[in-house]
Amino acid sequence: MIGPIISSGIISPAWDNIFAVLLGMGFGFALESSGFSSSRKIIGTFFGYDFVVVKVFFTAAIVASIGLLYLSYFGLVDFSQLYIQPTFLTSAIVGGIIMGIGFAMGGFCPGTSLAAIGVGRIDGLVFFGGMFMGVFLFSESFSLFENMFYSGSQGAKMINEAFGISPELFTFFLVLAAVGMFFGAAWVQKKVKKVEY
Amino acid sequence: MKKIKNDGSFYVNPYLGGVMLGTVLLLSFYISGRGLGASGAVKNTVAATVNIVAPQHVEKSAYYCQFAGGDKEPMSNWLIYEVIGVLAGAFISGIIFNRLKFKVEHSPKITSRRRLIFALGGGVLFGFGTQLARGCTSGAALSGMAVLSFGGYITMIAIFGTAFVAAWVLRKNWI
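Residue numbers (this note's numbering), protein chains in the order written: chain W, 1 to 197; chain V, 198 to 372.
Hints may contain errors.
Said to hold, decoys possible - Capping the alpha-carbon separation at 30 Å, the derived lysine-lysine pairs in DSSO-like fashion look like this:
no., chain 1, residue 1, chain 2, residue 2
1, V, K306, V, K257
2, W, K193, V, K257
3, V, K269, W, K191
4, W, K191, V, K369
5, W, K194, V, K300
6, V, K269, W, K157
Claimed, not checked - If the Cβ cut is set under 7 Å, some of the chain V residues that face chain W in the computed set are:
no., residue
7, G215
8, I228
9, G230
10, I249
11, Y260
12, C262
13, G266
14, G267
15, D268
16, M272
17, G286
18, A287
Stated by the list, open to error - A few chain W positions that, by computed beta-carbon distances, are all more than 12 Å from chain V:
no., residue
19, R121
20, L176
21, W187
No lab work stands behind these hints: they were computed from the structure.
The beta-carbon is built from N, C-alpha and C at its ideal position, and this holds for glycine as well.
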């Protein structure tokens with residue numbers, strides 16, 4: 001079956017939302033069981049006492065990138081049918097900086113706050129509630145940010161193109177970088193004073 | 198499956214967790230042709246709510262009208278269903294690993310109140326940032342990285358780079 005199996009018509013689009021729930025369950029389970037329902041565990045990455053975020057995030061990125069390259073190589077997935085995050089350079093950077101400050105203040109990102117809500121963390125619920133306010137503020141003040149929102153458009157640009165190398169070679173370097181980070185994280189964690197949480 | 202904590206709960210090995218997360222992400226692309234997300238559901242809920250309260254406002258807004266109004270159904274959206282699944286999946290994990298409990302998690306050096314104020318502020322900023330960057334850590338960064346999107350990598354670096362600096366500034370809240 002050539003993926004994505006919904007848009008290629010193998011399975012009725014009516015199944016898409018059912019798969020959405022199932023995939024979401026897998027997502028939530030993976031996040032919570034790894035410890036992403038705890039803001040103090042997540043934030044450990046920034047102080048060096050717990051690198052779970054680095055380990056889980058980059059392992060997941062490697063697994064999915066390599067998996068997609070293999071599926072594409074064997075003709076099992078039509079890459080042109082996949083949603084590729086478009087690149088708008090200015091808003092990606094400015095939005096990322098704002099999110100980074102929110103991350104350090106709240107200790108969650110949107111997905112992990114949902115995992116925290118799922119196990120009853122009130123701070124996760126308050127963070128998620130704050131997101132509605134932030135989205136509302138942005139939407140209401142859109143005219144002020146409209147120019148920035150659309151500036152620096154580069155379409156569905158791929159990172160390997162930016163470096164002028166093949167997707168396979170880029171992914172190989174990604175794996176090397178991730179493994180380097182995993183060893184670096186283990187080394188730092190040994191040096192840093194333990195924090196009880 | 199080690200690191201059993203005082204309260205009897207434990208976490209899976211982070212690399213196993215990463216393989217789980219990566220496999221779910223891969224399946225998401227293979228089945229639905231898209232990555233995982235979280236902030237899109239908030240956007241659609243906000244747009245749908247504003248559409249009920251003030252439909253004319255939605256029509257006039259250059260932002261809302263992309264998601265709500267007319268014959269658009271912002272609440273019958275893939276991301277909304279996925280987010281319901283995330284809550285259920287986390288709940289199941291909480292049962293299995295013995296972590297279900299209503300509490301405010303915070304450093305013993307700060308009060309719950311301070312923790313909640315910062316959580317709210319963090320949520321507001323994060324929500325705002327997701328709209329500007331067209332996605333969050335999952336939708337823009339992780340899912341973008343899986344398909345080697347340039348923008349996904351840029352957003353990831355901006356989020357983590359800033360958070361390292363900001364966490365140090367706010368360290369009294371955490372350590």
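Results of checking the hints against the structure:
no. : hint               : in the structure
1   : K306/V with K257/V : violated, 48 Å
2   : K193/W with K257/V : violated, 55 Å
3   : K269/V with K191/W : violated, 54 Å
4   : K191/W with K369/V : holds, 20 Å
5   : K194/W with K300/V : holds, 23 Å
6   : K269/V with K157/W : holds, 28 Å
7   : G215               : holds, 2 Å
8   : I228               : holds, 5 Å
9   : G230               : holds, 3 Å
10  : I249               : violated, 14 Å
11  : Y260               : holds, 4 Å
12  : C262               : violated, 10 Å
13  : G266               : violated, 13 Å
14  : G267               : violated, 17 Å
15  : D268               : violated, 17 Å
16  : M272               : violated, 11 Å
17  : G286               : holds, 3 Å
18  : A287               : holds, 3 Å
19  : R121               : violated, 6 Å
20  : L176               : holds, 15 Å
21  : W187               : holds, 16 Å
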